[in-house]
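S.K.: Okay, here's what each chain looks like letter by letter:
Number of protein chains: 2
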Amino acid sequence: MTSQIRIDDLDREILNTLMNDARTPYAEMAKRFNVSPATVHVRVEKMRAAEIITGTEVIINPKLLGYDVCCFIGINLNAARDYHSALRKLNELDEVVEAYYTTGAYNIFVKLMCKSIEELQYVLIDKLQAIDEVQSTETLISLQNPINRNVKP
Amino acid sequence: MTSQIRIDDLDREILNTLMNDARTPYAEMAKRFNVSPATVHVRVEKMRAAEIITGTEVIINPKLLGYDVCCFIGINLNAARDYHSALRKLNELDEVVEAYYTTGAYNIFVKLMCKSIEELQYVLIDKLQAIDEVQSTETLISLQNPINRNVKP
DNA sequence: CATGAAAATGCGAAGGG
DNA sequence: CCCTTCGCATTTTCATG
Numbered sequence: 001m002t003s004q005i006r007i008d009d010l011d012r013e014i015l016n017t018l019m020n021d022a023r024t025p026y027a028e029m030a031k032r033f034n035v036s037p038a039t040v041h042v043r044v045e046k047m048r049a050a051e052i053i054t055g056t057e058v059i060i061n062p063k064l065l066g067y068d069v070c071c072f073i074g075i076n077l078n079a080a081r082d083y084h085s086a087l088r089k090l091n092e093l094d095e096v097v098e099a100y101y102t103t104g105a106y107n108i109f110v111k112l113m114c115k116s117i118e119e120l121q122y123v124l125i126d127k128l129q130a131i132d133e134v135q136s137t138e139t140l141i142s143l144q145n146p147i148n149r150n151v152k153p
Numbered sequence: 001m002t003s004q005i006r007i008d009d010l011d012r013e014i015l016n017t018l019m020n021d022a023r024t025p026y027a028e029m030a031k032r033f034n035v036s037p038a039t040v041h042v043r044v045e046k047m048r049a050a051e052i053i054t055g056t057e058v059i060i061n062p063k064l065l066g067y068d069v070c071c072f073i074g075i076n077l078n079a080a081r082d083y084h085s086a087l088r089k090l091n092e093l094d095e096v097v098e099a100y101y102t103t104g105a106y107n108i109f110v111k112l113m114c115k116s117i118e119e120l121q122y123v124l125i126d127k128l129q130a131i132d133e134v135q136s137t138e139t140l141i142s143l144q145n146p147i148n149r150n151v152k153p
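For the record, the sequence lines run as chains A and B.
According to the UniProt record's numbering, the first sequence holds residues 1 to 153 in order.
According to the UniProt record's numbering, the second sequence holds residues 1 to 153 in order.
Just so you know, the hints here were simulated from the structure itself, not pulled from any lab data.
Even for Gly, the Cβ is constructed at its ideal location relative to N, Cα and C.
Be careful, since some hints might not be right.
[Unchecked claim] In silico BS3-like links for lysine-lysine, alpha-carbon gap of 27 angstroms or less: (1) LYS152/A with LYS115/B; (2) LYS152/A with LYS46/A; (3) LYS152/B with LYS127/A; (4) LYS46/A with LYS127/B; (5) LYS89/B with LYS89/A; (6) LYS127/B with LYS46/B; (7) LYS46/B with LYS63/B; (8) LYS89/B with LYS115/A; (9) LYS63/B with LYS115/B; (10) LYS115/A with LYS89/A; (11) LYS127/A with LYS46/A; (12) LYS127/A with LYS115/A; (13) LYS115/A with LYS63/B; (14) LYS31/A with LYS152/A; (15) LYS46/B with LYS31/B; (16) LYS46/B with LYS152/A; (17) LYS115/B with LYS46/A; (18) LYS152/B with LYS46/B; (19) LYS152/A with LYS31/B; (20) LYS63/A with LYS152/B; (21) LYS89/A with LYS31/A; (22) LYS127/B with LYS115/A; (23) LYS89/A with LYS63/A; (24) LYS63/B with LYS31/B; (25) LYS63/A with LYS46/B; (26) LYS46/A with LYS31/A; (27) LYS89/B with LYS115/B; (28) LYS89/B with LYS127/B; (29) LYS152/B with LYS31/B; (30) LYS63/A with LYS31/A.
[Stated by the list, open to error] Short, incomplete list of chain A residues facing chain B, as computed with Cβ under 8 angstroms: (31) ARG6; (32) PRO62; (33) LEU64; (34) ASP68; (35) TYR100.
[Stated by the list, open to error] According to the in silico footprint, chain B covers these stretches of chain A (three or more CB under 8 angstroms from chain B): (36) 16-25; (37) 47-53.
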């Protein structure tokens, strides 16, 4: 396992700030938290080295890119041992944006985004259910995503 | 609905780059895409104004912050009309990081992150199921998250 | 869409508490 | 050991053609 690291309140505040805006100037955080910009810099580098921070990304609005349909799909495999090969095939579908190995009713649980209900049908029937390892699927269509945030550092 | 906007290949390439690293220097993208840094700047501002880009954030490793447990919970409400009040209460639980209004078996579907199985039990019994509007829940524990990415611009 | 210059920000060495 | 000051390098930003 990756080495655990000591995170103090300053680290947490910096992290929290950057989780809301990855481009917050160090000088601004420095003023807010009463330290020097260089200290902020050092802390960020520390968390980066510890891989607590693994990167940055812009947040986009999928709807404005045409992605109107979001759904979750529970997948049952023919055999539990097919997990890895099924996953490899799922990974090749751009529409599959998240996949989870889960306990309970399904073997794999995925989040899928696509541009229309027609495309969803196509992906589901001709791509997902066409995977040999897939025995059956159950779809949950999301019409709204009222909460979307991250854990509290 | 928000105004749709024309996105060309350059926009798409810039977006794609920034979705992998929100701090990629404009000069670097400029060189890669054979335009000037100022052009990149203009395109980013355009997408920001159109709200295709809504912000930036650092990507963190939840495990290194102690969040070892991730699960999905399907929630059934006593009555469909309780949706808004239930959501307001769910929104107050820090452990609830995502919520979806869905068709099908559940009224609300949430993603939950917490620090241990003990905490999950506590949150589930004393916080989530303590909400008046909640009639029943079904939990799906995730042991692995092998795919986690965004849509393709 | 490019140029170029001014302003802001990031970065790292060296020193102090 | 962690923090700060300080100067240089890089990057962003904007007026102009």
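S.K.: Which hint numbers does the structure go against, in order from smallest to largest?
M.R.: Violated hints: 4, 5, 6, 7, 8, 11, 13, 16, 19, 21, 22, 24, 30, 31, 34; rest satisfied.
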